[in-house]
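Based on the sequences and whatever the hints tell you, model everything.
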Amino acid sequence: MRGTVGVDIGATAVRVVEVTGVDQSGYALVSAIGLAPLPLNAVVAGKIRSPRDASIALAKAIRMAGVSKRGFIIGVSTPTTSFENRVLPTSLSSSERETHLRTLGKPLGSNYGLDESVIATYLARTDQGDTTLSTIGVSSALDDDVAAVQAVCDLAKCSPRAIDLSAAATMRAMTRVNVSSMEIGSIVDVGASKVTVTTRQGMHLRTVRTTAGGGDDITKAIAASLNISFKEAEDLKYTQKLSANFSRIAQRGAYATQEETINTEEALLADALNSSADLLIDSIAQSIESSSSAGPLPQGVTLCGLGACLLRGFKDRLQRRTGIPVTIVKPWAEIEKSKRNAEYFRQGRPDPAVLISLATATGLALWKEPL
Amino acid sequence: MSTTATELDESAREVNKKTPKVVVSNRRDIPTACFDFTGGAYSKSRRARLISFMLLCVALLVLAFVAYLAVSKFSNASSNNSRAEKLENTSDTMIAEYATFSSEGTNAMDLVNKYNSATSSLTAVAYKQTDIHKFLVDTLAFSGPELKVTSLEYNPLKPYTGDEVAEKPSVEVKITVTATSIGAILEFMTRISSLGTLTNITSTRSGLTSIVSGELLMNNPPASLVDKLSEMGIRYDKSAQAQGPVVIDDPGAEGTAP
Numbered sequence: 565m566r567g568t569v570g571v572d573i574g575a576t577a578v579r580v581v582e583v584t585g586v587d588q589s590g591y592a593l594v595s596a597i598g599l600a601p602l603p604l605n606a607v608v609a610g611k612i613r614s615p616r617d618a619s620i621a622l623a624k625a626i627r628m629a630g631v632s633k634r635g636f637i638i639g640v641s642t643p644t645t646s647f648e649n650r651v652l653p654t655s656l657s658s659s660e661r662e663t664h665l666r667t668l669g670k671p672l673g674s675n676y677g678l679d680e681s682v683i684a685t686y687l688a689r690t691d692q693g694d695t696t697l698s699t700i701g702v703s704s705a706l707d708d709d710v711a712a713v714q715a716v717c718d719l720a721k722c723s724p725r726a727i728d729l730s731a732a733a734t735m736r737a738m739t740r741v742n743v744s745s746m747e748i749g750s751i752v753d754v755g756a757s758k759v760t761v762t763t764r765q766g767m768h769l770r771t772v773r774t775t776a777g778g779g780d781d782i783t784k785a786i787a788a789s790l791n792i793s794f795k796e797a798e799d800l801k802y803t804q805k806l807s808a809n810f811s812r813i814a815q816r817g818a819y820a821t822q823e824e825t826i827n828t829e830e831a832l833l834a835d836a837l838n839s840s841a842d843l844l845i846d847s848i849a850q851s852i853e854s855s856s857s858a859g860p861l862p863q864g865v866t867l868c869g870l871g872a873c874l875l876r877g878f879k880d881r882l883q884r885r886t887g888i889p890v891t892i893v894k895p896w897a898e899i900e901k902s903k904r905n906a907e908y909f910r911q912g913r914p915d916p917a918v919l920i921s922l923a924t925a926t927g928l929a930l931w932k933e934p935l
Numbered sequence: 536m537s538t539t540a541t542e543l544d545e546s547a548r549e550v551n552k553k554t555p556k557v558v559v560s561n562r563r564d565i566p567t568a569c570f571d572f573t574g575g576a577y578s579k580s581r582r583a584r585l586i587s588f589m590l591l592c593v594a595l596l597v598l599a600f601v602a603y604l605a606v607s608k609f610s611n612a613s614s615n616n617s618r619a620e621k622l623e624n625t626s627d628t629m630i631a632e633y634a635t636f637s638s639e640g641t642n643a644m645d646l647v648n649k650y651n652s653a654t655s656s657l658t659a660v661a662y663k664q665t666d667i668h669k670f671l672v673d674t675l676a677f678s679g680p681e682l683k684v685t686s687l688e689y690n691p692l693k694p695y696t697g698d699e700v701a702e703k704p705s706v707e708v709k710i711t712v713t714a715t716s717i718g719a720i721l722e723f724m725t726r727i728s729s730l731g732t733l734t735n736i737t738s739t740r741s742g743l744t745s746i747v748s749g750e751l752l753m754n755n756p757p758a759s760l761v762d763k764l765s766e767m768g769i770r771y772d773k774s775a776q777a778q779g780p781v782v783i784d785d786p787g788a789e790g791t792a793p
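Protein sequences appear in the order of chains R and H. So the first sequence is numbered by the working numbering: it starts at 565 and just counts up by one. So the second sequence is numbered by the working numbering: it starts at 536 and just counts up by one.
A couple of the hints might just be wrong.
Heads up, simulated DSSO-like pairs for lysine-lysine below, C-alpha to C-alpha not over 27 Å straight-line [said to hold, decoys possible]:
#1 Lys894(R) to Lys805(R)
#2 Lys633(R) to Lys579(H)
#3 Lys624(R) to Lys894(R)
#4 Lys579(H) to Lys932(R)
#5 Lys721(R) to Lys579(H)
Not the full set, but computed from the structure, chain H residues with beta-carbon under 10 Å of chain R [as the list claims (entries may be wrong)]:
#6 Arg563
#7 Asp564
#8 Ile565
#9 Pro566
#10 Ala568
#11 Cys569
#12 Asp571
#13 Phe572
#14 Gly574
#15 Tyr577
#16 Ser578
#17 Ser580
Hints in this document: simulated from the structure, not taken from any laboratory. Don't be surprised by glycine CBs; every beta carbon is placed ideally from N, CA and C.
This is the structure in structure tokens:
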């Protein structure tokens, strides 16, 4: 059985996931996976800097997953993408909504005009009291960003069915909500070069904020501090634990003895790790707090993404900083056991790290035609 | 009268049946927020592609049908040609089969040669079905898609002599047939020649259609044919001499509605 395919172009890899359905418990059934690494700086903070490299990786990932080159759902997520809820007449069709929003002339993106925007909408809910009005989720992206995604697809000789907002896809993968629930929660997706904070109320999006900077910044800080390669720094990063307290500067420097040098290196590593993590945590906390402009603060924060969430102590530090309970969760997905997927299993269970890295792609594969 | 426990249970059950149950669902769903920054371009192009594909399929089907017709006509023509060649070579069997023509004064070989030259590519033309056509085909026990009787003229004027003929009138039936094979025409001619003398055989060719016509003088027409003609209001009558030939092309025109 052929399912829906989601494609996530991240900073480190292009990820392709085929979902054949959702089981009774709400778990998406992942039947095929394709992962193709990207060269450094080919995609930074969601912006595609090298469409050629991205297209090669896309073609490779699709081939690896053994899925069709047509009809997949691909995501777009850059710091310029925006989201807000607007109340519009229910009678407006999807295309009419866009015309209406353009006629109003109010910019949707924070630093670009309507003429540079690509607008997409979905029907969030119809007003209970007045059925002539509906809450419409409105998202806009810079036309260059959408064009870049399309260019990658064209170069890879692929044809996507839709270009979705990656933040919405992550929410679909990470969340299962009771229809009548109005709870507020935030999902923090820490990528390698960007962080997306998505706040939802019940089933619906409330705010989306994407900021540049992610797990790679911590790695770069370690590499610069210890004068080692990026790869070495990346390996070192996950062996460390963030201190419970916020960063302090190493005092000894170059005047240490040999024994002290080891300690100094440790101190430099700890300092680099803690100070860069602090910056990231601050940025995340600000995004969560800024979501309160649309209502109360979230009751809980869900942490995902491989950029830094698996860094020991990161969750606790974010919880301390925001004062909101933080949990690290894997997406609502199960990988189908097959010969092809054997490498994604660990001790007979799907590897949680793989599932977390595939969260956005899985959510994209759960896409449905917006109303 | 006291109410028993069983009755109470029964009434409680009735009340339960009537009371709507409030079901609190714990079902958790996937959030519905989905966007499409392409504005449904893929769906539109897919629809367009689907329509184009369907049109292409229809065009291919039509083309295939036309090609099939052309090929079948070509193969028929080839088959007829090869048959004609066979006839030209004239086997003994063929001569024996059409000996009737010879005995009636018509050279079978002339007939064959005439058909060969005229009917190399035969096809059916519009078939005007009248009762008499059907009757003739039925009477002659001839049926099949290869031959159609396309027109027939009945002339009661030709030759008769005295009362003997009046009782069993000779009739001249001018038959035009089209056929898809020479064999069919020859077979037909053989059958009808047993009913009388076949004369004035002509063949004309118009494009792919060849029409062979001949006159059959039926000195001894079968009683069933006479009856059938009588049923159709065509009777032998001396007074009909002045009226000229009766042409039965259109049953409606002759008042012989099918």
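(message) Tell me the numbers of any earlier hints that the structure contravenes, in ascending order.
(response) Nothing - there is no hint that the structure violates, so all of them hold.
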